[in-house]
Structure formats: structure tokens, C-alpha cells
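S.K.: Chains as they are written, first to last, in the working numbering: chain E, 1 to 279; chain L, 1 to 227.
Think of the hints as simulated: they come from the structure by calculation, not from any bench.
Hints may contain errors.
Stated by the list, open to error - Label pairs and their calculated CB-CB ranges:
1) E:Gly53 <-> L:Trp29: 35 to 43 Å
2) L:Thr153 <-> E:Ala165: 27 to 35 Å
3) L:Ala41 <-> E:Leu34: 42 to 50 Å
4) L:Glu161 <-> E:Thr216: 29 to 37 Å
5) E:His111 <-> L:Asp200: 41 to 49 Å
Note that the structure is a prediction, hence the values are computed from the model and not measured.
C-beta atoms are modelled at their ideal positions from N, C-alpha and C, and glycine is treated no differently.
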Amino acid sequence: MSLPVNDLNPGQLNPSWAELLALRFDPLIWTAILAVGAWYFVAFARSRRTQPGVWPIWRTVLFGLGLVVTIVVTQSQAITLTLNSMALYMGRLMLLAELVPPLVVLGLPHHLKLSRRSPAGRLLSVLLDPWVALALWFAIIIFWNIPAGFNASIVTNTAGALLPALYLLGGLLVWSVILRPLPSIQGGSLGNRGWFGLLSGLPMMAVAATWLYSPTVLYTPYVSALCLWNLTSLQNQSISGWIMMLAGLPGMALALVQLMGWLIELADSGTQQPPPPAA
Amino acid sequence: MTELERADTGQPSDADSSAAAGPALGRPWYVSLIFALVAVALLLGGVWLYARLKTPFPFFGTAYTPPITAPTFSGTDQNNAAYTFAPNGKTTALFFGFTHCPNICPLSLTYLNKLRERLPAAERHDFQVVLVSVDPQRDAPKQLKAYLSFFGTATGVNIPEPELKKVALSYGAGYSKADIKGPNDYQINHTTATYLIDQDSKIRLIWDYTQLPQLGRLQADLQEVMR
Chain E
1 MSLPVNDLNP GQLNPSWAEL LALRFDPLIW TAILAVGAWY FVAFARSRRT QPGVWPIWRT
61 VLFGLGLVVT IVVTQSQAIT LTLNSMALYM GRLMLLAELV PPLVVLGLPH HLKLSRRSPA
121 GRLLSVLLDP WVALALWFAI IIFWNIPAGF NASIVTNTAG ALLPALYLLG GLLVWSVILR
181 PLPSIQGGSL GNRGWFGLLS GLPMMAVAAT WLYSPTVLYT PYVSALCLWN LTSLQNQSIS
241 GWIMMLAGLP GMALALVQLM GWLIELADSG TQQPPPPAA
Chain L
1 MTELERADTG QPSDADSSAA AGPALGRPWY VSLIFALVAV ALLLGGVWLY ARLKTPFPFF
61 GTAYTPPITA PTFSGTDQNN AAYTFAPNGK TTALFFGFTH CPNICPLSLT YLNKLRERLP
121 AAERHDFQVV LVSVDPQRDA PKQLKAYLSF FGTATGVNIP EPELKKVALS YGAGYSKADI
181 KGPNDYQINH TTATYLIDQD SKIRLIWDYT QLPQLGRLQA DLQEVMR
């Protein structure tokens with residue numbers, strides 16, 4: 001992990017939104033995001049030229065929003081204040097895990113068909129296997145939120161700079177299983193996706209509840225930290241719990257809807273009359 | 001032709017369609033489980049590899065990549081003499097604290113002194129500990145001298161405001177008064193980092209206060225920086 005150069009006055013513990021959101025320039029991240037955006041928008045333009053209407057503009061807007069949020073979350077001055085606000089840090093991670101992924105996944109065109117035999121199809125069919133996605137998501141949420149892992153991620157030379165990328169990756173996998181953007185390589189059962197959505201929400205809810213109800217600060221780097229906005233470390237931890245819980249609710253709500261749909265399908269099965277034979 | 005473009009022109013084959021019909025594409029659950037375990041192992045291994053690539057030596061502290069020059073500063077030391085920070089060929093552990101600190105500062109000084117004692121005699125001579133007081137109001141040189149006498153050979157520096165604020169900011173450290181009960185009865189919340197500065201005056205890494213008890217790992221970091 002390399003330390004970001006702290007351009008924001010660290011003694012100023014009441015930064016304005018303008019100060020927090022002022023952009024930085026990390027060439028690697030900007031290049032990666034711009035490359036993804038260019039690839040997407042070139043494909044969109046070509047599709048509009050050859051098959052107008054197949055690729056709706058609203059999907060492009062959502063994808064673009066996802067990229068913009070990613071830039072703001074990873075390239076703003078807020079990243080220099082991780083040790084001054086657990087809530088701000090968790091807010092950034094939750095945007096990457098629970099907002100950017102649905103925007104990006106919904107931004108993929110519905111007519112996108114990947115062959116299972118192509119290298120990308122083979123890789124994605126493994127990554128989007130619910131077992132694999134769930135295991136990776138559990139590993140990211142649990143390993144890096146138990147005190148030893150969390151402490152290490154923010155004060156040691158392990159995964160501090162990598163953690164936002166991991167949350168983004170985990171969120172993309174989870175939301176891809178839930179929203180099923182690639183039907184040619186993904187299973188289609190509403191029930192499976194509903195159960196998956198509920199299960200994937202559990203570790204976040206458990207961590208959030210722990211933070212909400214813990215009477216002490218769980219992470220030692222925050223025990224004596226100077227916190228933004230005159231908050232105490234314990235208040236920050238509690239707010240982080242709220243942030244994580246609220247961030248997990250849309251996914252769980254969608255999972256419940258999918259489960260209800262699955263139950264209705266089950267209830268209807270065998271009760272529908274087959275259509276009358278053609279005369 | 002990209003996958004996205006290909007999608008515009010082709011339909012999935014029959015084999016693809018039939019495979020997509022079942023949950024998890026008909027893959028047996030135990031194969032999915034094996035994939036899941038391998039994926040988690042790859043994730044954790046990848047993170048480890050990433051950390052090693054960023055800094056080939058597995059520093060315990062948070063490394064500055066690349067290292068940056070430590071800002072210089074001047075003040076008064078515990079012997080009431082003018083002091084200007086300069087490595088002078090030594091490696092320096094520098095942190096911001098104050099003598100009325102109930103826990104973090106005395107423990108930090110204790111651990112850093114223990115770290116110094118773990119070093120071979122030759123290296124011990126080339127390692128210094130510097131405490132910059134964030135409480136210049138109460139930490140007069142006399143107070144600093146009495147306090148530091150409990151913690152080996154550390155140097156204490158009193159820098160008056162507003163210069164102190166500038167120095168702290170230049171290191172990315174912060175501090176503010178808290179629990180104020182009177183003009184001379186208060187605590188100070190402050191950054192708990194210790195900055196390890198090499199003999200060329202480059203900040204090489206930061207140890208958080210919570211890492212200081214692990215003296216073996218601190219010593220490995222220190223000896224790598226001193227090399």
C-alpha cells in the first residue's frame with residue numbers, strides 16, 4: 001500500500017463537500033476507467049448505427065453514472081481521510097459495492113450474448129457461478145471486517161489500496177448473479193437468484209448490526225483517531241453500521257421480490273390450463 | 001470484433017441455449033464448490049502478491065512508495081537548546097505526542113525504546129527517537145526532560161504555535177484539544193502514527209500505534225530501512 005499524498009488539510013476536521021470531492025489524478029485508475037468507458041461507448045455508437053433501438057440510451061446513462069461514481073469514490077480527496085472517518089470510508093466502500101455494480105450491470109445491453117465456448121464466456125461462467133460469487137463476497141466482507149483484517153487493511157502494508165477494488169469486484173459479481181445480465185452463461189431460476197440475494201446480504205447485515213450495537217470501538221486505529229465533523233469514533237462506527245445496513249437493503253429487497261416471484265411460479269405450476277389446440 | 005458487437009449479429013447456439021436452461025448451467029454442486037474454494041485462495045493469494053509487488057520487502061508498516069523527503073523543523077529540545085531536525089546519518093522514529101497523554105504516548109515511547117534496545121550496539125547508535133510535542137503550552141523543555149528521562153534517550157522538541165501547526169500538517173498529522181476542564185486541564189487527541197525516516201531524510205513508512213507492540217516486525221522494518 002502506498003500512502004496518498006494528503007492534499008487536504010488534515011488539521012481541518014470540518015471539510016466542505018467541495019474539499020472532499022475535489023478530484024485527484026492517479027494515472028492508472030483514470031486510464032482504466034476511461035478505457036472501459038471508451039470501449040463501452042464505442043460499442044454503443046456502433047450498435048446505434050447498425051441496429052437503432054436495440055441498445056436503449058437509458059442503459060448507457062446508467063453505465064456512465066456508474067463510471068462517474070467510481071471516479072468520485074476512488075479519485076476524490078475523501079480517500080485521504082480514511083483514518084479520520086470510518087463512516088466516510090465505509091460510505092465510499094458501500095458506493096463501490098452496492099451502487100456502482102447495479103448501475104454498471106443494468107448498463108450492459110440486454111442483447112449481449114456471450115458464447116460459453118469463448119475464453120471470456122468460460123471465465124465468466126465460473127466467476128458468475130453463485131457458489132463462486134458468494135464465496136468471494138463472503139471472503140471480502142468477513143475477512144476484511146473482522147478487527148485483525150480491517151486494522152491491517154487500513155494501517156499496514158497489505159490491502160488498503162486494494163480494498164476498494166475488492167468491494168467493487170465483489171459487488172459486480174453479486175449484482176451480476178442477481179440481475180443476470182448474461183443469460184447465455186447464467187442460470188435463470190428466480191428462486192436461485194432470490195436465495196442467493198438473501199444469503200449474500202447476510203454478512204453485511206451481520207457486520208452492520210455488530211457496528212450498530214457495539215458499546216466500544218472495535219478497530220484500534222480508530223480508538224484515538226481525530227474524527228471529522230466533531231464525531232466520536234464510536235459514533236463513526238455506529239454510523240458506519242447504518243450505512244452498511246442501508247446499502248444492503250436494496251439487494252435484499254430485490255431478493256425478496258425474486259423469491260416471491262419464484263413462489264408464485266411454484267404455486268401456479270400445474271394449475272394453468274394448457275392452451276386449446278388450434279382448430 | 002468485440003463480444004458486444006458480436007452480440008448484435010448472432011444468436012446463441014442450441015448448445016448454449018440448452019446449457020443456460022438449468023441452474024448454474026448444469027454444473028454439479030461439488031464442482032462449483034471446488035471453483036469457489038480455488039477462487040477464494042486465488043483472491044487471498046492475489047492480495048498477498050499485490051502487496052509484495054508494491055513493496056518487495058514485506059514492510060509491516062505502511063510504506064511510502066516512493067519515499068518522500070521529511071520536512072525539516074526547528075524548536076527547542078528538552079535541554080533548552082535550539083534544535084533543528086536533521087537525520088545526521090541516523091534513522092529516526094518521529095511521532096507527535098504530549099507529556100500529559102495518559103496512554104498512547106508513554107506506550108509509544110516505551111515500545112520505541114524497547115525497539116532500540118533490541119538492536120545490536122552498532123545499529124542502536126544509528127537510531128534515534130524524536131517526540132514533537134503537540135502541547136507546547138504545558139510541555140516546556142523542563143517538563144519534556146523530566147518526562148523523557150523515563151524512556152531512554154528520546155529527544156523531545158517544543159515548537160511554539162503557529163509553527164507547530166505547520167510542522168504537523170507537513171507530516172500529515174493532526175491534533176486538537178479535547179475534554180477541556182480548564183486553561184491547563186485538558187487532553188489532546190492527536191495522530192498516533194510514528195514516522196520512520198531514513199538517514200537520507202526520506203520518510204519510508206508509518207507505524208500505527210496499534211502496531212508498536214509487535215517489536216519483532218518493527219525491528220525487521222527498521223533494519224531494512226537502516227540497510
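S.K.: Hints first: check each against the structure and report whether it holds.
M.R.: To see whether the hints hold, each was checked on the structure:
1. E:Gly53 <-> L:Trp29: 35 to 43 Å: holds (41 Å)
2. L:Thr153 <-> E:Ala165: 27 to 35 Å: With Cβ atoms ~43 Å apart, the hint is violated.
3. L:Ala41 <-> E:Leu34: 42 to 50 Å: violated (32 Å)
4. L:Glu161 <-> E:Thr216: 29 to 37 Å: Cβ of L:Glu161 to Cβ of E:Thr216: about 34 Å, so the range 29 to 37 Å holds.
5. E:His111 <-> L:Asp200: 41 to 49 Å: Given a distance of about 59 Å, which is not inside 41 to 49 Å, the answer is violated.
Violated hints, in rising order: 2, 3, 5; the structure is consistent with all others.
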